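Asker: With the hints as constraints, model all of the structure from the sequences given.
Keeping their order, the protein sequence lines are chains A and B. Heads up, the first sequence is in numbering that gives the first Met the number 0, so the first residue is 0 and it goes up one at a time. Heads up, the second sequence is in numbering that gives the first Met the number 0, so the first residue is 0 and it goes up one at a time.
Simulated from the structure, these hints should not be mistaken for laboratory data. Values in this document were obtained by computation on a predicted structure and should not be read as measured data. Beta carbons are placed, not taken as given, at the ideal position from N, Cα and C, and that holds for glycine. One or more of the hints may lead you astray.
In silico contact screen, one side only, chain A against chain B (beta carbon under 7 Å); selected entries [to be verified]:
1) E256
2) L261
3) P275
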Amino acid sequence: MAHALPPPARQTGPLVWLRRHFFATWYDAVFTLVFAVLIFWVLDNVIGWAFVDAIWRVENREMCTHDAGACWAVIESRGRLILFGLYPYEEQWRSTIACLVVIVTIILSCLPVFWSLRRLPVLWIGGFAAFVLLMRGGFAGLEVVTSEQWGGLSLTIFIFAAVFVIGMPLAVLFALARRSSMPVIAKSFGLIIDIVRSLPLLTLLFAAAVVVPLLVPEAIQGNKLMRVVVAFAIFFAAYQAEILRAGLQSTPQGQEEAAIALGMPYWSVVADVLLPQAFRNTLPSTINQAVITFKETSIVTIIGFFEVMASGNAAIGNGEWGNQYIEVYVFLALIYFVFVFGLSRYGAWLETRMRLGHG
Amino acid sequence: MGEPAIAIRALDKYFGDFHALKGVSMEVAIGETLVICGPSGSGKSTLVRCINGLESYTSGDLRVLGMEVGDDTRVLDRVRKKVGMVFQNFNLFPHLTVLENCVLPQKRALGRDRSSARDEALNQLAKMRVEMHADKYPDQISGGQQQRVALARALCLKPEIMLFDEPTSALDPEMIAEVLDVMKDLARADMTIVCVTHEMGFARAVADRVILMADGKIVETGTPEQMFSAPRNEITRAFMQAVQS
Chain A
0 MAHALPPPAR
10 QTGPLVWLRR
20 HFFATWYDAV
30 FTLVFAVLIF
40 WVLDNVIGWA
50 FVDAIWRVEN
60 REMCTHDAGA
70 CWAVIESRGR
80 LILFGLYPYE
90 EQWRSTIACL
100 VVIVTIILSC
110 LPVFWSLRRL
120 PVLWIGGFAA
130 FVLLMRGGFA
140 GLEVVTSEQW
150 GGLSLTIFIF
160 AAVFVIGMPL
170 AVLFALARRS
180 SMPVIAKSFG
190 LIIDIVRSLP
200 LLTLLFAAAV
210 VVPLLVPEAI
220 QGNKLMRVVV
230 AFAIFFAAYQ
240 AEILRAGLQS
250 TPQGQEEAAI
260 ALGMPYWSVV
270 ADVLLPQAFR
280 NTLPSTINQA
290 VITFKETSIV
300 TIIGFFEVMA
310 SGNAAIGNGE
320 WGNQYIEVYV
330 FLALIYFVFV
340 FGLSRYGAWL
350 ETRMRLGHG
Chain B
0 MGEPAIAIRA
10 LDKYFGDFHA
20 LKGVSMEVAI
30 GETLVICGPS
40 GSGKSTLVRC
50 INGLESYTSG
60 DLRVLGMEVG
70 DDTRVLDRVR
80 KKVGMVFQNF
90 NLFPHLTVLE
100 NCVLPQKRAL
110 GRDRSSARDE
120 ALNQLAKMRV
130 EMHADKYPDQ
140 ISGGQQQRVA
150 LARALCLKPE
160 IMLFDEPTSA
170 LDPEMIAEVL
180 DVMKDLARAD
190 MTIVCVTHEM
200 GFARAVADRV
210 ILMADGKIVE
220 TGTPEQMFSA
230 PRNEITRAFM
240 QAVQS
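Answerer: Have a look at this one:
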């Protein structure tokens, strides 16, 4: 007669875990060891360069040689140029506040509480008015700073936010127009979208900056920054419109029919029923488009705007800090990373929230 | 007898080359419960969808409560406020709670303020016995519950006519009865009802008349009794046998 064996001892603890995940077979062990050495070597170098051997203060800058660590003194010396571009030194506090205003506006518009047809426009118009007033000045004793002197991180964030805020309603309009039941409207907006999408962004921005002034009377030209932002927004809208159209198409036909049968007016069918579902369905692509747009803002350099990337280049361009380009680019990369990573995490949070069924 | 709730004369409808409705004429009296049945593709859904203008028709005449349902969007708006509709797939708005599903149309279609819309919504949800689910999202409740919410949502607008387009076809068998029960209550409360369904038990219990459609035409009309026990038409006989077996 067989005796029941006692259950096997539960195998837990860090050693068992290590063995199961990293040393299960001989080649697992080899991989583990090789990569452990590699990772240690890279980390050791990076930490040594970025922290241990780094030179932080400008007064120690003569220690910045090729075999020393990172020379962060360049950030202390040139940080303001990178963050503010050509904005006048004494007025840079305004640029700081303006930048914070836009960041707060962006964060607030990410909160579902503000997603209503009444609150979003108020928030956006208020935020942008505050930004432009602060940056431009010309009231209450503030010196006028024209948009040609705006620059650095404030300009990058402003361009991104403005493109998004102007581009998103445009995208909604384009998407709705393209699926309009009137063939003339559907066809012509289809054509506009396809033309814009087949042009390089650079061409569009050049046209806005250089060609438009030749063709359009001066009174309605607006300034160069405005034209560039609008052109960029149209570019964004053409792509985002197609994303939204996909979202609208993936919303079941019955949703629109139910809303119509309930006697809801067309604007409400779109705003209350179709668009919320279209945005939910296309959230990953929309976040993707926002990330791409944020990174593409650096292209405005070419038409003479000193956004953060161009300001970074200027910081190392005059020879004095010419050897510290790696440090400056690492600094720039960190700035981009904070924003783009933030956007991605926000997207992930929204998706979880929607999976749980809320709004 | 006063004006009929719905009056349809010689209605024709084409989908491209396909002749979906072939000169359909019928009337529905106020307070009447009419059941439309027939094999799939017979045009019964299309007919019902023409009544509230979800589908346009090619020629003929269609009046609801005396209003001509045609191309005039202002008239269509008025018609839709008087005519509620329940669909096969419920079509609740998935991004809104059960309560918001009922509140939003009242605000948008009738301009009711939030608090009275909310009171009415809770009232109708209670009548449909789903008020305990008011704060859930549609995907958190069963199909039978969703369909009763859809009915409550339509009733919040105080329609004079209710259209049902196969309201129980997408339901699991054990949930069909709970939906039919509330529909029967509605029929007994003298709501004017046009219902496309194959649930002959429902027809027998509350229908004043049954219409059988086939191939875009009305084949036979009669009281449930006539249609079930003494159908005159060969198609009706075959169909009744098929759905009752």
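Asker: Against the earlier hints, flag every one the structure doesn't satisfy and list their numbers going up.
Answerer: none
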